[in-house]
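Novice: Produce the entire structure from the sequences given, and follow the hints as far as they go.
The sequence shown: position 31 = 30 (numbering that gives the first Met the number 0), numbered continuously.
You can take every hint at face value.
Subject to a maximum C-alpha distance of 27 Å in a straight line, what follows is the list of computed DSSO-like cross-link-like pairs (lysine-lysine):
id, residue 1, residue 2
1, LYS151, LYS205
2, LYS91, LYS151
3, LYS205, LYS91
Calculated directly from the structure, the hints in this document are not laboratory data.
Note that the coordinates shown come from a computational prediction; the quantities given were computed from them, not determined experimentally.
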Amino acid sequence: MGMKSNTSTSSQFSCNNFNDNNNNNKKKDKTNNNNNNNTRVVLNVYDLTPLNNYFYWFGFGIFHSGIEVHGKEYGFGAHDFPASGVFEVEPKKCPGFIYRCSINLGHVNMHPSEFRIFIENMASDYHGDTYHLISKNCNHFSDDISYRLTSKRIPGWVNRLARLEDEVADSLPSDTPNISTHNSDDGQERRLLSPKNGIDDVSFIKETAAKK
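Specialist: Following this line, the structure appears as structure tokens:
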């Protein structure tokens, strides 16, 4: 989740990185057809609400995001259990959100089976009951996985709201393991950027078993 504020609306919510280079990316993909290890890393951005189309003109927006690798999209959402909150869905089809655009972040040379191990390891760090709207949301996850795979950060506007609130509300707790989702206010906040249609609509990644 993020909010952007800028005096120039022409540069807001820019997905030009993907659109301008889409043809070049297709050429690269064709070149690498014989190499199953090479794949694009794509950030898929969603509007939390149709009101983003109106907020745009005031320089605001609230977003969900996921990372697409090897034909699947991976995101992070809240639930009540100390287990993986990392889920996979069909690209650009995360339930409960409105797809806005995609941003190419680069390429990674990693076999699908190797990537599976990678994402299962990440799931160990992103339990559903540790989701926090400001300090550990879906966009933090997208930024983390992007940096680990490509050494690039996602655009700042995607998670601007969390960064701004973190600066001005430093008295808020840094984690949420003890927050009960039975409380309507806390529950709504924690699930703001989680899939809206329930866990049956997404497939959660099984995290790597802890070593004994």
